[in-house]
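4 protein chains.
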Amino acid sequence: MYNIAILGASGYTGAELIRLIAGHSSMQIKALGGNSKAGQKMGDVFPHLRHLDLPDLVTADEINFAEIDLCFCALPHKTSQEVISKLPADLKIVDLSADFRLRDPEEYEKWYGNPHAALEQQKEAVYGLTEFYREEIKAARLVAGTGCNAATGQFALRPLIEADLIDLDDIILDLKCAVSGAGRALKENLLHAELSEGYHAYAVGGTHRHLGEFDQEFSVLAGRPVKVQFTPHLIPANRGILATVYVKGDPQAIHAAFEKAYSSEPFIEVVPFGQTPSTRHIRGSNFCHIGVSGDRIEGRAIVTAALDNLTKGSSGQALQNANLMLGIEETEGLMMAPLFP
Amino acid sequence: MYNIAILGASGYTGAELIRLIAGHSSMQIKALGGNSKAGQKMGDVFPHLRHLDLPDLVTADEINFAEIDLCFCALPHKTSQEVISKLPADLKIVDLSADFRLRDPEEYEKWYGNPHAALEQQKEAVYGLTEFYREEIKAARLVAGTGCNAATGQFALRPLIEADLIDLDDIILDLKCAVSGAGRALKENLLHAELSEGYHAYAVGGTHRHLGEFDQEFSVLAGRPVKVQFTPHLIPANRGILATVYVKGDPQAIHAAFEKAYSSEPFIEVVPFGQTPSTRHIRGSNFCHIGVSGDRIEGRAIVTAALDNLTKGSSGQALQNANLMLGIEETEGLMMAPLFP
Amino acid sequence: MYNIAILGASGYTGAELIRLIAGHSSMQIKALGGNSKAGQKMGDVFPHLRHLDLPDLVTADEINFAEIDLCFCALPHKTSQEVISKLPADLKIVDLSADFRLRDPEEYEKWYGNPHAALEQQKEAVYGLTEFYREEIKAARLVAGTGCNAATGQFALRPLIEADLIDLDDIILDLKCAVSGAGRALKENLLHAELSEGYHAYAVGGTHRHLGEFDQEFSVLAGRPVKVQFTPHLIPANRGILATVYVKGDPQAIHAAFEKAYSSEPFIEVVPFGQTPSTRHIRGSNFCHIGVSGDRIEGRAIVTAALDNLTKGSSGQALQNANLMLGIEETEGLMMAPLFP
Amino acid sequence: MYNIAILGASGYTGAELIRLIAGHSSMQIKALGGNSKAGQKMGDVFPHLRHLDLPDLVTADEINFAEIDLCFCALPHKTSQEVISKLPADLKIVDLSADFRLRDPEEYEKWYGNPHAALEQQKEAVYGLTEFYREEIKAARLVAGTGCNAATGQFALRPLIEADLIDLDDIILDLKCAVSGAGRALKENLLHAELSEGYHAYAVGGTHRHLGEFDQEFSVLAGRPVKVQFTPHLIPANRGILATVYVKGDPQAIHAAFEKAYSSEPFIEVVPFGQTPSTRHIRGSNFCHIGVSGDRIEGRAIVTAALDNLTKGSSGQALQNANLMLGIEETEGLMMAPLFP
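Residue numbers (UniProt numbering), protein chains in the order written: chain F, 1 to 341; chain H, 1 to 341; chain B, 1 to 341; chain E, 1 to 341.
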């Protein structure tokens with residue numbers, strides 16, 4: 001049994017990690033960090049976990065990391081780098097924040113507004129999009145989880161860019177995001193009375209921070225700068241991201257490229273040509289469903305991709321990476337079917 | 001007082017017409033047609049209308065159209081043309097179905113799959129997008145209400161096409177539609193257990209019938225064929241359409257064009273540059289909110305437009321047209337504020 | 001035209017007052033108070049009101065009450081009494097808070113935890129349950145709006161207590177309340193991700209403050225102390241209160257008592273015996289629907305009552321009272337049909 | 001590995017069984033019956049199950065029951081008895097319908113309106129409320145799953161009746177039920193546009209069929225006839241039942257009785273005195289949370305119980321029983337944590 005610590009256990013991604021690890025055959029939760037709620041029982045913070053025998057929340061300082069085999073950091077951006085810079089240098093870490101996703105410190109500062117405070121750790125961090133960085137992740141000490149929007153967009157585009165199937169200068173990602181991606185923050189627009197029964201675009205025009213990840217990854221893949229258009233929308237639902245991606249290329253070739261790229265992937269399902277996935281069919285699971293349709297205008301294709309932002313987009317992906325880092329079967333603890341209805 | 005009949009009063013657009021006319025100062029409802037529920041009281045079919053003194057539902061045959069000043073047809077597509085072809089030739093009619101929207105009978109047959117059964121009436125029908133066909137509507141006997149998606153897209157694009165501000169070959173409409181647009185039909189995917197908490201694209205790739213309206217209207221405006229890409233998505237909410245429109249053109253010029261085009265329109269609100277409207281802020285009202293943002297990629301703009309599919313997208317628009325046809329103030333019965341939260 | 005001021009215009013009941021008054025034929029909004037958002041435009045605080053020509057938000061101090069005919073106070077409890085104690089002594093006021101509902105200052109302190117700070121005003125305050133205090137309200141200077149739960153329960157019980165039809169020692173009110181009743185406060189349990197898709201009881205066991213109103217009113221009616229059991233539940237919806245009231249008495253006699261008591265009430269609809277009202281059929285309106293059913297156990301009846309907490313339960317009731325205080329037709333501005341779906 | 005068949009696999013409880021069995025270590029699905037959708041792939045009927053390697057749907061006739069170790073019948077009421085009467089007489093069966101819950105055929109006919117068509121099988125059927133019929137279930141061939149409402153009410157009342165702690169003539173069950181309990185039937189009131197954002201009572205006054213189960217079970221327990229009042233309400237959520245039970249008795253003694261009765265139960269969690277469970281904290285799981293509060297009126301208590309109607313209320317309970325019937329660990333495949341948010 002591997003001993004696991006989770007920092008930031010009082011947020012949604014922390015709770016999701018606990019949900020998943022509770023069904024894992026070779027991990028046990030040894031410590032739960034949550035500074036603002038230190039001293040509380042998890043069953044009080046998250047009553048849906050009350051049946052589990054979990055350690056109480058403590059501050060990060062109170063954790064004896066010598067007995068921890070792997071630590072998940074589900075802390076807010078910026079806090080994460082400060083905390084991780086002080087953790088033991090040989091501790092295996094999966095970070096769920098944005099802090100170690102961008103390899104170029106200047107890009108980090110451009111998108112996040114502050115100089116990076118853990119440059120040393122940043123250098124060794126491996127980008128955590130499992131399906132495309134599997135070998136690096138197996139050997140990594142510190143893995144930086146991909147952003148939930150960035151993961152969805154990359155699943156829908158990487159095989160196409162790699163196979164040179166689309167016009168790189170005309171890529172539009174229209175994303176529909178559920179509200180849990182915004183976390184447990186107390187904001188007026190996240191109240192039920194404000195959010196339910198309506199929807200809107202936000203961070204329009206190329207201002208969303210996950211663009212930093214798209215730029216970095218797609219440009220490496222293409223061997224030249226690639227800039228996509230990306231507009232997220234907030235939808236009245238709790239879990240799920242649906243990406244509708246408009247590209248110029250041959251739809252059938254695109255569908256074939258997905259089938260080839262993902263044929264042996266346990267969590268990526270390519271649906272038959274012309275069908276469209278729904279977020280309701282991946283809810284609570286680690287699966288990502290991808291569909292391709294042609295348009296009546298020749299040479300255009302619509303790619304749709306759906307995943308659960310808290311699972312495949314965050315905590316599930318993190319556990320998948322942790323499995324690889326510890327030499328466990330990659331799918332362990334992650335094969336639960338989606339919850340529908 | 002003008003005497004009003006509504007055919008198809010047991011559907012959502014019929015009920016919405018009643019809601020609006022109940023607050024209208026110079027219309028009174030004289031007859032309510034609903035073949036499948038003929039004989040029933042409206043308060044039993046729609047308990048939210050039980051406080052109103054309404055006639056019982058009857059079959060269309062039972063209505064004495066000689067005493068009717070204007071008839072709304074809120075019938076299903078195809079049924080509408082059959083019924084209207086048999087109504088008195090001088091009866092003022094506002095049709096909410098798709099049957100008289102396309103001027104070319106071949107286009108109608110292409111999109112709807114059957115030959116048109118009321119070609120004579122089709123010839124005199126006026127397209128009911130009030131803001132752009134005001135004078136024709138005033139003089140019309142038969143007005144064909146614009147489709148809810150088609151209305152949203154046209155509000156977001158007509159001034160730009162007319163002012164020649166955008167690339168006509170690269171227009172993408174990504175629409176997010178609430179479920180009441182699908183009507184009261186008993187379909188598995190419209191059940192609460194199936195629809196809530198998830199969302200997906202449908203009619204992908206240029207197959208949605210409202211494309212016939214876009215093609216017709218934009219090509220006339222541009223003076224040459226225009227084909228847009230249009231992907232609707234079903235969102236877990238009851239009312240609202242949000243269009244996110246991706247165009248190539250100068251964002252500031254586009255915003256200025258909207259402000260100019262809609263400056264004296266009572267129901268179209270152009271929000272400040274960079275802001276984005278939300279469907280929750282127009283719910284239950286006849287307003288349409290339009291926003292424009294630039295992208296980080298120069299020469300690209302994102303237009304967002306929000307309206308209530310049952311009001312401005314259908315029954316509100318129909319009442320606005322009926323006001324014009326009867327010589328009543330255009331805004332009468334339509335100035336109620338949205339319901340929020 | 002009467003000049004109206006609203007204090008607390010940046011909350012939900014304030015916004016609802018504006019929505020209603022926007023359609024009122026003889027009121028105009030002259031001043032909007034909102035200390036924390038003073039200086040802002042209403043269209044920025046509530047974009048659904050952006051089409052209206054409204055004064056900007058100001059602090060209460062900035063309002064010239066000499067030109068105000070009636071002032072609505074939609075402030076939080078406790079704040080309201082402090083503000084009202086400093087307003088001109090001849091200003092007509094409709095208060096929506098709990099501050100002036102209880103006639104006995106000791107009862108007030110018992111339920112609200114602090115000594116009352118405006119005892120003088122409290123003495124003259126009239127309880128604002130319009131249907132039962134109509135004459136007093138017409139003559140009042142200061143009217144204290146009934147709590148939304150307290151109003152629902154009283155509509156479902158007053159005629160029964162008055163006609164001595166039920167066992168006074170065995171009354172159970174099980175209420176299902178939508179979330180807007182909790183206001184715009186930033187609390188974790190009001191977030192969409194926490195509230196939607198689940199429901200629970202709160203303030204169980206006789207601790208909810210609206211019990212003070214039930215005790216006061218029912219005891220006066222009965223001529224002896226009456227204590228009811230009252231359990232509110234938070235339901236994932238934005239508007240609506242449904243009371244299920246369990247009483248011991250003859251169901252048919254109870255139904256007849258309601259029909260008699262409410263026969264000439266414009267906003268109270270008694271549905272046929274055995275039918276049950278739904279909150280979805282009164283949403284956004286000032287109506288209250290009441291139903292009565294018998295049980296298989298003889299001598300027991302179930303009364304169900306539905307109203308919109310923001311309208312009939314709060315701002316609609318307030319406007320109804322203001323109409324009476326100003327000598328306007330009681331129903332003016334309040335006859336809009338519910339919004340369904 | 002035990003070979004499992006599921007009849008009625010195209011409904012919600014069928015799909016839920018597949019979700020659960022997919023994570024079960026010693027069961028494999030050998031056959032899926034679904035007459036109306038025979039010939040279809042499960043991934044087409046329920047896309048959320050598309051990652052699983054499942055047999056296609058067949059008619060019941062096509063299944064070779066000789067190779068089946070246990071058959072779940074998730075068929076509609078009445079159909080179930082007809083089908084089961086024709087299955088091999090030695091086949092282990094867990095029935096999820098209402099057909100074998102009532103031991104007295106006259107009671108069955110009274111509540112369900114038709115004479116029972118499988119009286120022989122009915123005689124041997126064991127009532128499937130696991131926590132109270134464990135030994136009988138272990139030895140049973142045919143187990144009749146408890147109704148979801150009936151299970152919730154019994155968890156909240158059996159220990160109190162057994163310990164003689166409450167007034168048997170004054171028990172009120174006010175239930176709040178999510179929509180999936182109504183199944184996948186195409187009914188107007190189950191449409192998203194009709195159901196969401198509103199709630200109402202139904203089957204008021206002692207007409208709900210689950211009363212047959214309450215009567216049967218409580219009367220046996222008490223040794224004399226017991227009739228409860230039971231009012232279900234339809235809530236806009238997909239999963240969950242919340243029972244609010246009003247009883248006369250000593251609250252602390254009641255809480256103690258629950259703690260004692262359920263101390264070793266793996267799926268029943270008694271929360272601390274005065275706390276109230278929420279359906280959102282048991283969603284998608286096999287847990288039932290129970291709380292007790294006192295009232296301000298002495299000698300009255302409020303019991304609240306929450307479970308997921310599709311899991312603990314139906315398919316999870318069925319799997320729990322199947323585990324016992326096959327000699328497998330009772331909790332196998334059922335310990336997944338709830339999905340929150």
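Take the hints with a grain of salt, since some may be wrong.
Given that identical chains are not distinguished, each listed pair holds provided it fits within a single copy or across any two copies.
To be verified - Listed below are the simulated DSSO-like cross-link pairs for lysine-lysine, each with C-alpha atoms no more than 30 Å apart in a straight line: (1) Lys260 - Lys41; (2) Lys41 - Lys187; (3) Lys138 - Lys187; (4) Lys187 - Lys37; (5) Lys86 - Lys260; (6) Lys260 - Lys78; (7) Lys260 - Lys138; (8) Lys227 - Lys248; (9) Lys248 - Lys41; (10) Lys123 - Lys92; (11) Lys138 - Lys37; (12) Lys41 - Lys138; (13) Lys187 - Lys78; (14) Lys110 - Lys41; (15) Lys92 - Lys37.
In case anyone wonders, no lab produced these hints; they're calculated from the structure.
Here is what the structure says about each hint:
Proximity of Lys260 and Lys41 under a CA criterion of 30 Å is satisfied inter-copy only: 23 Å between copies versus 47 Å inside one chain copy. In this assembly of identical chains, the alpha carbons of Lys41 and Lys187 lie at most 30 Å apart whether taken from the same copy (25 Å) or from different copies (20 Å). With identical chains, the CA atoms of Lys138 and Lys187 are never at most 30 Å apart, being 38 Å at best within one copy and 41 Å at best between copies. In this homomeric assembly, Lys187 and Lys37 come within 30 Å of each other (Cα to Cα) both inside a single copy, at 19 Å, and across copies, at 16 Å.
In this assembly of identical chains, the alpha carbons of Lys86 and Lys260 never lie at most 30 Å apart, being 43 Å within a copy and 47 Å across copies at closest. Within a single copy, Lys260 and Lys78 get their C-alpha atoms no closer than 38 Å, and across copies no closer than 44 Å, so neither meets the 30 Å cut-off. In this assembly of identical chains, the alpha carbons of Lys260 and Lys138 lie at most 30 Å apart only when taken from the same copy (23 Å versus 49 Å across copies). In this assembly of identical chains, Lys227 and Lys248 lie within 30 Å of each other by CA distance both inside one copy and across copies; the values are 15 Å within and 15 Å between.
Proximity of Lys248 and Lys41 under a CA criterion of 30 Å is satisfied in neither setting, with 53 Å inside one chain copy and 33 Å between copies. For the homomeric pair Lys123 and Lys92, the shortest alpha-carbon distance inside one copy (15 Å) is at most 30 Å, but the shortest distance between copies (60 Å) is not. In this homomeric assembly, Lys138 and Lys37 never come within 30 Å of each other (Cα to Cα): the closest approach is 33 Å inside a single copy and 45 Å across copies. For a Cα distance limit of 30 Å, the shortest separation of Lys41 from Lys138 qualifies neither inside one copy, at 34 Å, nor across copies, at 37 Å.
Taking the shortest alpha-carbon separations for Lys187 and Lys78, both the intra-copy value of 19 Å and the inter-copy value of 24 Å come in at or below 30 Å. In this homomeric assembly, Lys110 and Lys41 never come within 30 Å of each other (Cα to Cα): the closest approach is 39 Å inside a single copy and 33 Å across copies. In this assembly of identical chains, Lys92 and Lys37 lie within 30 Å of each other by CA distance solely inside one copy; the values are 25 Å within and 47 Å between copies.
Hint compliance for this structure: hints 3, 5, 6, 9, 11, 12 and 14 are not met, and every other hint is.
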